Amino acid sequence: MYDVNKIREDFPIFALSINGKPNTFLDSAASAQKPKIVIDKMNDMYLHEYANVHRGSYLLSEEITLAFEQARETVQKFVNASSSSEIVFTRSATESINLVAASWGRKFIKSGDEVLISEAEHHANLVPWQVLRDEIGFKLNICRVNDDGSFDMEDFRKKLSSKTKLVAITGMSNVLGTIFPLKQIISLAHAGGAKILVDACQLAVHQNIDVKDLDCDFLAFSGHKTYGPTGIGILYGKYELLDSMPPYQCGGDMVDIVTYEHTTFDVPPARFEAGTPAIVEAIGLAEALKYLMQIGQDNITNHENELTAYTLEQFSQIKGLHQVGTAQGKGGVFSFVVDDIHPQDLAFILDKEGVAVRVGHHCAAPLVKRMGHSSVARASLGLYNTKEDIDILVKAINKAKTFF
Amino acid sequence: MTIDELIENFAFLDTWEDKYRYLIELGEKMPPLPESYKTAPWQVKGCQSQVWLVPSKEEDRLHFLGDSDAAIVKGLISIVLLIYDNKSPSEIKAVAVDDIFAKIGLKEHLSPSRRNGLEAMVAKIRQYADIL
Ligand SMILES: Cc1ncc(COP(=O)(O)O)c(C=O)c1O
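Protein chains in written order, with the working numbering: chain A, 580 to 983; chain B, 63 to 194.
Hints listed in this document are in silico derivations from the structure and should not be mistaken for laboratory results.
Given the structure is predicted, the values throughout are model-derived calculations rather than measurements.
Backbone N, C-alpha and C fix where the C-beta goes; we use that ideal spot for every residue, glycine too.
Residues from chain A that face chain B, not an exhaustive set, calculated with beta carbons under 7 Å:
1) 921
2) 924
3) 927
4) 931
5) 938
6) 939
Within a straight-line C-alpha distance of at most 25 Å, the following computed BS3-like cross-link-like pairs (lysine-lysine) qualify:
7) B:169 / A:600
8) B:165 / A:600
9) A:931 / B:81
10) B:91 / A:980
11) A:980 / A:966
12) A:978 / B:91
13) A:948 / B:107
14) A:931 / B:165
15) A:869 / A:791
16) A:980 / B:81
17) B:81 / A:600
18) A:931 / B:169
19) B:100 / A:948
Could you put together the complete structure from these sequences and hints?
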């Protein structure tokens with residue numbers, strides 16, 4: 580039994596009111612709230628167990644190194660990777676994608692090759708490829724989404740060619756909520772000889788991730804969206820791919836033999852973790868992932884699917900509200916506009932009602948434009964949201980309508 | 063209307079609902095900005111709505127026209143313009159805009175993290191005071 584009220588109690592922030600109103604937090608797609616066990620764990624590390632990792636041969640350093648490497652194993656379990664050596668700790672999903680572009684991309688993509696992304700990419704999975712394209716001179720192709728926000732498989736097939744070296748694609752759109760048919764996309768990409776990077780920033784929050792089953796080559800997500808801390812991200816990569824890649828940044832902790840003349844580099848994942856990593860954040864993230872695995876990702880998905888259906892139903896009854904992204908099977912991310920109300924004005928009023936939504940282009944400006952807008956409001960679900968949250972949102976939208 | 067009158071008008075409004083309604087009304091009363099100015103050179107960056115600011119100078123006084131596609135933001139702009147219009151550059155520099163917004167009870171809208179464009183607009187006005 581999924582007891583959402585009990586789950587809410589795990590998150591201290593919901594005990595606080597916002598503008599004198601209950602905290603109706605509907606911006607988890609931007610960043611999720613943290614359960615107390617994550618906060619406690621990180622505090623505890625600083626209070627009792629802190630030292631640098633992979634260094635000093637003394638007790639504290641040995642212990643925290645062990646905890647850090649166990650955190651890697653927790654991530655391995657969370658994404659079902661074959662080995663914890665396939666898990667690279669980064670600063671964020673953004674850094675994970677930039678790492679692939681700078682290291683793998685610069686080595687393996689040649690002028691005349693092609694990279695294929697979708698219209699629904701976050702800037703983090705668009706701009707690095709544009710910059711690399713301008714450097715190398717490959718062709719960046721962009722496959723379409725349909726007007727309802729669903730993936731246009733026909734267009735994808737058309738734009739996938741024997742020249743496509745990489746398909747870099749989101750698992751779930753942070754604007755449309757569309758869940759992309761990853762397995763089909765990946766098998767098509769592989770059949771054509773392309774590698775595939777999945778931006779799982781949103782997907783990892785809402786659905787079970789299984790990199791073995793997906794058979795993706797790279798997968799990126801951010802700690803702060805999966806109920807963990809900021810400053811930590813994950814790059815999963817198949818080991819033989821990681822092993823074929825040059826370092827991304829250079830410094831301590833990623834080298835094998837260093838002389839004044841020459842340096843050889845360590846094996847993955849250390850090769851990609853130059854300098855002191857975000858130690859406590861990695862351990863905090865592992866705590867968050869354990870929390871998710873304990874609740875059970877499938878239970879979370881069920882709860883959110885129920886709430887998604889409820890939200891869609893409630894939204895359909897608000898006159899003048901237009902949803903942006905209505906694909907079948909979409910997840911709990913709802914972009915919308917309301918007739919005669921600018922999204923910014925709407926957000927001002929919702930804020931006064933204690934409702935947090937985000938407005939703007941959501942770091943996917945070309946997508947919002949392609950859907951016919953310059954700015955949209957977005958409500959997004961986390962595992963702690965309730966039907967009451969949606970009721971409060973709907974009431975606040977209806978109230979906003981009386982102002983204009 | 064003077065700033066003091068505006069502060070007084072807001073003092074009569076007890077709830078945020080009334081304050082926002084009044085803001086929307088203020089925005090509606092602003093003279094419309096000609097469409098030809100709603101272009102990139104006049105756009106104030108860093109806003110979640112579109113905001114435009116057009117300066118001009120007459121003798122030593124600066125004048126401003128402004129607009130936004132968001133109604134509450136437009137109301138906020140009308141207050142900013144009431145505060146800054148028809149002042150000399152040195153007078154512009156001397157305005158304690160935070161204090162005025164605090165007195166009106168809309169201080170949170172001037173916060174740089176709000177990204178509603180107001181803070182950026184005030185910065186732009188002060189910049190124009192330097193260069194015009
Ligand atoms: C789909 C998607 N990709 C990438 C990112 C970038 O994540 P971060 O800012 O944590 O690096 C986000 C976050 O907004 C996202 O939603």
